[in-house]
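Just need the whole structure built from these sequences, with the hints factored in.
Line order of the protein sequences matches chains A and B.
Its first residue numbered 2, the first sequence is counted upward by one per residue in the numbering used here.
Its first residue numbered 172, the second sequence is counted upward by one per residue in the numbering used here.
Just so you know, these hints were derived from the structure itself, not from any lab.
You may find that some hints are simply not true.
[As the list claims (entries may be wrong)] Here are some, though not all, of the chain A residues that point toward chain B, as calculated from beta-carbon distances under 10 Å:
1) Ile23
2) Pro44
3) Ile50
4) Leu55
5) Val88
6) Leu104
Note that beta-carbon positions come from the ideal geometry of N, C-alpha and C, so glycine has one too.
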Amino acid sequence: MAIWLTMFFAGLITFGIRLSFIELLGKIELPPPLRRALRFVPPAVLTAIIFPELLLHEESLNISLGNPRLLAGLLAGLVAWRTKNAVLTILVGMAALYLLQTLIH
Amino acid sequence: MTTASQTTPRREFIYGIRAELPILIGVVPFGMIYGVLAIGAGLPPLAAQAMSAIVFAGSAQILATGLYAAGAPGVVIVLTTGVVNLRHALYSASIAPYTRRLSLAWKGLLAYLLTDEAYAVTITHYHAGGTDAEAIQYKHWFFLGAGLALWSAWQASTAVGILLGALIPSSWSLDFTLALTFIALVVPNIKDWAGLLAALAAGGMAVLAAGLPYKLGLVVASLVGILIGMLVEGGRWRSG
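In structure tokens form, the structure reads like this:
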């Protein structure tokens, strides 16, 4: 049930933001420091999810060539950087993961 | 309101759909990825589909899915969704001069459909004519056409993704596609040192703080990353 409540409020806040200025027409403006902070939100939040996925295995740090998720993630990062293609990044990353899991086990 | 211009609501509506079509090529795989991820993250299929209708914001949905998979509390998911969608306030502000004559029902409907993709084609269409009453007379129908085209494609591609996600066994490590999707979103958008250091600081902090209860490490790490980014950008902190 909690998931439905969460979705309802997530939808409500999204709708509220989209309606904000359409309804209020320029009466309020975002303060400049908040506007500067906004652009760092996606890289910070997303990377905070990515790093533990790649580096932590059962709550312990694994930075080694024996960690397939780390190597596959680094390769995917390289593909994303060079091609800017999301679908290709995911395909290469998954292929690398399968290959490395087979090699390491 | 007579035959002053050649456009009609019907014609504007169809123009809107047509303008949106090329963008759908990029949206459909994204919707499918979301559907697959949502199932991989353990969301019930009905909830995964409903989120596409209730929230209707791709990046925020994928992020919410990631937070859900990480066990984050609902409050954190709602607030993060809000922050990720704050850019829509800027779209709302730039559309507002063109929609002020519309009824509240129209404003509500168009606000619901105000996504990155619908905004992009609609604001271009509005800018082409100016803000006087005759120029914008029927252009909200263009907005509606573009918005509904995107909405339909998003719902349908989500459904396909959910079906695919349910067919794929968990031994295929499907959960890893979430990290890969985020890598695909983050890496191409890092364009300067401030962005890079914000990401690295947040990532490093997330690993260090992974043991905090209620997944608060995620929040702490994000705030540290944002702060580092702002400090580097402001030039108040420099390393050699």
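Hints, one by one, checked against the model:
1. Ile23: Where the cut-off is 10 Å and the nearest Cβ of chain B is about 5 Å from Ile23(A), the hint holds.
2. Pro44: At 4 Å from the nearest chain B Cβ, Pro44(A) passes the 10 Å test, so the hint holds.
3. Ile50: 5 Å, holds
4. Leu55: 6 Å, holds
5. Val88: 5 Å, holds
6. Leu104: Constraint on Leu104(A) not satisfied, violated at 15 Å.
In summary, the structure is inconsistent with hint 6 from the numbered list given earlier, while agreeing with all the others.
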